[in-house]
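Participant: Chain S: place on chain C using the hints.
Here is what each chain is made of, one letter per residue.
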Amino acid sequence: MDVQTKSKQSYLNQPTERISGAEAVIRCLIAEGADTIYGYPGGAIMPVYDELFKYQDQIHHVLTRHEQGATHAAQGFARISGRVGVAIATSGPGATNLITGIADAQIDSTPMVCITGQVPSHLLGSDAFQETDIVGISTPVTKWNHQITTAEEIPEVIAKAFYIARSGRPGPVLIDITKDAQFGELDFTYKKCEGIRSYKPIPKVNPVQLSAAAELINNAKKPLIVWGQGVILGEAEDEFKDVVEKSGVPAAWTIMGVSAIPTAHPLNVGMVGMHGNYGPNVLTNECDVLIAIGMRFDDRVTGKLSEYATQAKVIHFEIDPAEIDKNVKTDVAVLGNAKESLAQILPLLKKNTHTEWLKKFEDLSKIEFEKVIKNDLHPTKEGLTMGEVVKEINAQSKGEAAIVSDVGQHQMIACRYAEFSTSRGNITSGGLGTMGFALPAAIGAKMATPEREVVAVIGDGGYQMTIQELGTIFQTKAAVKIVVLNNDFLGMVRQWQQLFFDKRYASTVMTNPDFVTIAKGYHIEAKRVTKREELATAVEEMMTSKKAYFLEVCVEKEDNVFPMVPSGASVSEIRLE
Amino acid sequence: METELKQFTVSVYAENNVGLLNRISAIFQKRHINIESMNISVSEIEGVSRFIILVNMTEVNVKKIIGQIEKQIEVIKAFYHTDEETIYLESCMFKIKSDLLFEERQIQNIIKESDARIVTVNREFFVLEKSGRRHEIELLHRELSAFGIMQFVRSGRISITKDQMKITELLTEFKN
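Chains as they are written, first to last, in the numbering used here: chain C, 949 to 1525; chain S, 7 to 182.
Just chain C, with the same shape it has in the complex:
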């Protein structure tokens, strides 16, 4: 362990206490404010669990039914609250089961600390029982990771782990602790980490770049903002709203950024990307200045890069210098935390309106409504649509609920149609596209914000990837609302098979179990809806329930999600049918 960290007071001035490494782990978690953690015990982490037993009045450890569930729950916890999520597992398979959640947190910039047990240090490298090189395995998908082999290292490393996970562009950190380090003793004292010499979490805002950006925005005739999760992670919602309103620039969102300003805001022009709204996609290739804020130009957002906004000057507000010019060449890069840079640019912006330009979005929105939205939300055909289910949730939620979605068709529908009035409302696996994310993430989200309604919207495929977490819901009584939109297909893959593989439905048909019976087996109130006339009442019953509730909605089997930018096509080639 290097000693290049900084904290306000010296360790030497602190009173110390002789405790075990395992107890030190718990004391560090408490010191970092981690009151709810997720995990699964096993051989190499048993000393830590033994201490958890002693500290159970201070730390609520949630036993998930799989380590993957622990990471997603920790992610849900972090995404809704902005706090660092914590997941804990044993060595070997316990540790490898964390990897999907860690990779998900890495690509979606979610602050998370994972703690794994490891075989005793004298057995390292000997292929001992349940030994795996989790530090090696997790390296490419962690913001930082470290193996602890002596008890003395524990406080400093864990302090560093939390600091790294939450600072700058957040991300997952994994700390692997050998069993002998857990059993060993140390003189315990805890100091929060306040700096690492090789790590600059937040670049300074450069006033030259800032005024160059302001000038471009002030002179733009057809400017477009595309914002991402950076606005939420930077807690810059107010500053962002001020910038949008003063500049009068239409603002579109990525699925990671949605809810930073309310859906109903007059300048909110909808979603960009593969299944985004018609207007912002088409007009991306017509705007004269593209203002990207806290987003990273994912290929699902840009479509064909060589035909993405080539006519526009691009301004990129970004905390991570490695994102500048990574995918889209920027004309002006404003590095820094969105909260600071947006606050600083506000006085440089002219009060403006772009009425005619905004009308273009409205016109395209009307076309999209006629061709797509009307049929999704107000269907006249017999089968239920995913969109009308989301519409019913909106009617009950009034934008207050957090919608936790999984991956696939239902996710795109949920992101497109869910209405938000409160930030941190949309929790979804954006970058990694992890099926199985939603159910455990919803548990974490509900526990972090018990006062907020949390509705998991999941497809029948993804639901069965982590369905065992119903056990966690049953045991903890987490009042999560679960909506499974069941089309008996892996719907998004089926849609691609239909459109691009001549309807060869290879392995996308799902023969599903009786989901209601399964939920009831876990003593969770459950209902199935197959008809439109039952839907509103069922959703209302679910939303007003004080307890966990499972609602299966059998939707049309072969509905497609439109609009769609076909893979490899330009955003302006978006298809409405």
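Since the hints were derived computationally from the structure, they do not count as laboratory data. Fair warning: there could be bad hints in the mix.
To be verified - Listed next, the in silico EDC-like pairs over lysine to aspartate or glutamate satisfying Cα-Cα at most 20 Å (straight line):
#1 LYS77/S x ASP1273/C
#2 LYS1308/C x GLU1401/C
#3 LYS1152/C x GLU179/S
To be verified - Pulled from the structure, derived: some chain C residues nowhere near chain S, Cβ distances all over 10 Å:
#4 HIS1070
#5 THR1087
#6 GLN1095
#7 GLU1271
#8 LYS1339
#9 ALA1343
What the hints assert, rightly or not - Computed beta-carbon distance windows for the label pairs:
#10 ASP1075/C x ASN115/S: 51 to 57 Å
#11 HIS141/S x PRO1088/C: 49 to 55 Å
#12 ILE978/C x ALA32/S: 31 to 37 Å
#13 GLY1347/C x GLU65/S: 44 to 50 Å
Cβ coordinates follow ideal geometry from the N, Cα and C atoms, glycine included.
Facilitator: Below, chain S without anything else, positioned relative to chain C:
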């Protein structure tokens, strides 16, 4: 221009911590880039390691890689340079039968002309060391091959930049 592969020297100043090599090499692996050579050593600053990584890439991509290396927590700073911007060399060793040294006069000439140095000689073999540019080493290798080489090894490139590397300033900034 965008697709032209060029040879770049990537220099990384970093903390000397377990696992960092893995973390840095993973960034190249992620983009399916083969590392031509790598050398890790202490640097001019105490406790700070210096990686010298030789790669063939487009300039556009090497810039992106530098960003992704620099964002690693334990990396202090990363740079990339073209050959023209650096002073560089490699080092190599040959193990050759001692008999040849006496039997083949030509070998002595080769050693002299190539600026190679005899490290050790015993009854069975002698060891020759040479530092220089890749083509000089390759030339020596070709010439000696004719007589038979028992063992050969060549180091990764090491290089020094013509420009200043402002690492100390960065570290002082942290202390304040």
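Participant: Go through the numbered hints given earlier and state which of them the structure violates, listing their numbers in rising order.
Facilitator: Violated: hints 2, 5, 6, 7 and 11.
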